[in-house]
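Peer 1: Sequence:
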Amino acid sequence: MHEQRVFLRYLRPPVPEPGTLTIKEVRPLQPRPLSPLIIREQSAARSSPPPLILRERPPTPPPPVPDEIS
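Note that UniProt numbering gives residue 20 to position 20 of the sequence shown, counting from 1, and the numbers run on in steps of one.
Note that these hints are calculated values from the structure, not bench results. All clues given are correct.
Derived DEER-like restraints, expressed as beta-carbon distance ranges: (1) VAL26 x VAL6: 47 to 53 Å; (2) PRO14 x SER35: 55 to 61 Å; (3) ASP67 x ALA45: 55 to 61 Å; (4) GLN42 x PRO64: 55 to 61 Å; (5) MET1 x THR22: 56 to 62 Å.
C-beta atoms are modelled at their ideal positions from N, C-alpha and C, and glycine is treated no differently.
Model the full assembly from the supplied sequences, consistent with the hints where possible.
Peer 2: Here it is, written out as structure tokens:
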């Protein structure tokens, strides 16, 4: 039997020089803002007339009494 020692060496490519590092932030698309809320108010209707106050007719005054001079 024959024995032989063999050394294996894997070749590695040379390490490249470090370049400039550029980091970009990728943000998800933002939803469009909602359209502005528009509130339209109707002009107030003409003001209503004041309420009617119905009362009883005042009592009739008593007949005038003639003055008596004595």
